[in-house]
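Enquirer: Chain residues, written in single-letter form:
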Amino acid sequence: MRIIRRARNWEKGMDTELRFHLDQQIRDYMAHGLSRLEAERRAGQEFGALELAKDECRDQRSTEWLNHIFRDVRHACRSLYKSPGFAAAVIATLALGIGANTAIFSLIYSVLLKPLPYPAADRVFSVETILPQHNAQTLPMRIQDYLDWRRANTAFESFAALTPAQWNLAGDGEPERLGGALVSANFFSFLGATPQRGRGFSPEEETPGRQNVVVISDSLWRRRYGASPDTIGKTILLNAVPHLVVGIAPHGLLVPTNTLLHPTLAFGPSVDIWKPIAPTNDELQAENWNYGILVRLRRGESAERGRQQLQRMLNSSIHAAVPDFTGELTTRLVPIREIYSSQVRLRLLLIFAASGLFLLIACTNIANLFLARVAGRATELATRIALGAGRARILSHLLMEGLLLAVVGGAVGAWGAHSAVRLLVAYGPAELRNLSAPGLNFAALWFALAVSVGTGVICGALPALHVWRKDAAATLQEAARSALGGRGAARLREALVAVEMTLGAALLASAGLLLHSFINVMAADRGYNVERVLSVDLGLSDSRYAPGPRRIAFFRELTRQIQALPGVQAAGAIGGLPANSGAAVAFQTIFYVTDANPPAVAMQRPVAFIRSVTPGYFAASGATLRAGRFLTESEPTPVAIISESLAKRLWPNQLMTALIGRVFRHGDFNGPPVTVAGIVADTRPGALDREPSPEVYRPQTQRAGGTMSLVIKTAQEPAALGAAVRAEIRKLDPDLPIPAIRTMREILSQTVAERRFQMVLTLLLALAALCLGSIGIYGVVSYSVACRTRDIGLRIALGAPRRDVMRWVFAIGLRPVLIGLAVGLIAAVCIGRALRAMLYGIAATDPVSLTLVALILLMTAILACYLPARRAATLDPVIALRHE
Amino acid sequence: MSRHQQADLLQGTLDMLILKVAALEPIHGYAIVQRLQHISKDALQIRQGSLYPALYRLESRGWLKAEWKTTEGGREAKFYSLTREGRRQFESETAGWKRLCDAISLVLETPE
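Protein chains in written order, with the working numbering: chain A, 1 to 884; chain B, 1001 to 1112.
It is worth saying that the hints were derived from the structure and are not from the lab.
Every value quoted in this text rests on a predicted model; they were computed, and no experiment measured them.
No residue lacks a Cβ here, since even glycine has one placed at the ideal position from N, Cα and C.
The reader is advised that the hints may include incorrect statements.
[Stated by the list, open to error] EDC-like, lysine to aspartate or glutamate: derived pairs with alpha carbons at most 16 angstroms apart:
1) A:275 <-> A:206
2) A:12 <-> B:1085
3) B:1020 <-> B:1109
4) A:731 <-> A:380
5) A:12 <-> B:1076
6) A:82 <-> A:328
[Unchecked claim] Ranges of calculated distance between the beta carbons of each label pair, as one might list FRET restraints:
7) A:68 <-> B:1023: 51 to 57 angstroms
8) A:36 <-> B:1023: 31 to 37 angstroms
9) B:1038 <-> A:77: 32 to 38 angstroms
10) B:1023 <-> A:415: 20 to 26 angstroms
11) B:1041 <-> A:70: 44 to 50 angstroms
12) A:83 <-> B:1081: 49 to 55 angstroms
13) A:36 <-> B:1038: 22 to 28 angstroms
14) A:77 <-> B:1091: 45 to 51 angstroms
The shape of chain A in the complex, shown without the other chains (with noise of 0.2 angstroms):
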């Protein structure tokens, strides 16, 4: 600005200057007795032309190198607007390699490296149990292990404790199902968050009968309480319990959602409500593995030692409170930002690798292109040397070009990963949300800007220098084909196209994995249906539906209801979806009836997940019936349909129908003796991630949980049908929060948001690399094909048949591409290996994906060589011959 101002004012300082000296002569003319006419006439012809001096002047100036500079923009710009495809191809390839690059690489700093959002959270881990005998399997910890430890001299300077927890909110309008948590009163300031209205916990709180005080986090305030600061102080409805809220989150508060914790501790996707843990008696006796504790280790303490501490003190709380358990608990701390990106890491990091291909893809491009664009001025160039322009001119011309378009892609690529940052936010995996707004990452801007820019600058400046060392009239005799267009430049963009070609395929192939494991992840049989289903979660709080009787008549008449329904083939409900697994169900040890030592026992029997069920479940979720039969409306006495994988852990190589009949205990292992009555095929997580976990079903009649989720079986399209299942549901209680009536095809792409992130992105940077290898292969043989225009003439003319000029140029083109694609299907074989532990059902060499790309990748090179072959064999060899 400043340097604008600066030359404004000399331009005026100029004008003034010869407009006096003008006036000066011309008074001195009229003095001497001419006219003022004529003494203007003079004066101006004397002067000269006025605008050739000041032009003189301006050259003069010590600032001159800045009109210089202002001259080879323009000079840049015009040369770039006369080859619009030239300028479109790099700023293209700019913008698609910076933007990929710096939007996943933003990602990967706010997900993996940018520092959590709490004071001091290197320091801060989760505990876990690792339970020896089943598969090192972890479960969360104890009630009573926090309190032991807090009270305990260790080399923790604080802990925390939280358990989920879900409440139906009423009043103030529509009834709302809330995820939640129950935390220890220190919870806020453990995490180093002050709340922004209110106050927090206090250590009183935590005592059974003060307990009915809550936090709310910002959006559930803004959202239903219109950020009103009325609501500090307000008496809210939980679950028809009053309860005081005393505090407001602050905005933007990052705490574990769903399974982050632990995959037995089910958040809700967003955690709305907080409430003080208050153990009572009974529940500091029993032995419930449901809270997670966080842990903030002191300066300079070592994380081993503060571990070994904690698991003393659990095996003799344990020793104490079972005395006949022999075995030996280890505890693990899990690093608590492994707790944010475990599930999201790997793949994000595989996501990274394929971006940084893609930006050598995009050099090689660029590289490329500017070749091609020297070699086709080398003609120009010779001429403006010989006609005597500077060479550091021409030097600062070319450089400025690439400059130019180095701003512009720039540009586009900083505006496109801004936008795309923003949409894998909001169509990635939860994990990617969790973390407040992550922004661009300039320092990987710069970086991809400066590895773009810079190959292509090199690579149009090259050439330069060559023309540089030789005199010009050489130069211009030997013209562009030789010279800079020669054999060794031809050799090189050849070589770039195969470089190009090897990582396109290996990106490709990756891709291609990458979607035919995700097409088979979406087929896969899980033991239930799929398609033309619906899901609604309904939770009846313990006040209006008291465990028992009234929670078995409501989902009786809703089922029977919506069964009733038109379009409905068969609902049914389940205490937790196997879809969305660990939510909303127990997680108990299964005993044998003649185990008569069970808490010697316990860490030694298989643990189930415990469902309970309405008799429709079954026939509305397809499941496969092995031997026994299914459960009907009336069960006199306790029986249970238990999954394949549980019955072959149980009673291990015995025929199925042997079976039925069989008798087992779960959980309390003073509880009545359940009967198997059938045994099903084993259902699996919708992201099939896990190994099929036992399952025990349990008639609604005999265990009636308060929060199920009703599935239903339709004839037809089933989203339809929402609305009359809604109005059922009001129906019969019109108090009741209904969340999103969703399809289980929904509820199942949800749980494998990761995978289809991972796989899209890449399928989308394999897609781009395509499109550049096209423009290189197209750009390579359309040069080449300009550069022998005469040569193809000649042959055309002494009768070389069409056909053969065609099948010259494919195999100019096709060279390249083919040495490339072998040596890319070699490192897509390693990069399968290497992708292994995300593929599904296929193996690295997976003969489908790599056959297919491979193809592709040939079709494209084809076309690529198609338009250029075309011209070349409908050459006039005429005109041809006339070339140059």
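With chain A fixed as given, assemble chain B onto it according to the hints.
Expert: Relative to chain A, chain B alone:
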């Protein structure tokens, strides 16, 4: 006064002449032309097209400094004067010029 009676200025000599005129007192462009014309008895006609570029060149080299002043006629004009460095430059150029003139005279005056 016809054109061929004027002496053509050797390249570089204009700078020296300007420095000489500006050494006496601060002076504006038009006056420089007038003064040179007057001193050389109209033999030297300075074209404005070369005067101003030369002034700007000398200024940007730091040999002349310029300031805006009001002339007797009451108009704003740019007055040039010699800097210390300009004076040194002028002296060395004058010495060089004298040597050149002597040398040329010697050559021209040598009998054939």
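Enquirer: For this structure, which hints from the list above don't hold up?
Expert: 2, 3, 4, 6, 7, 9 and 10
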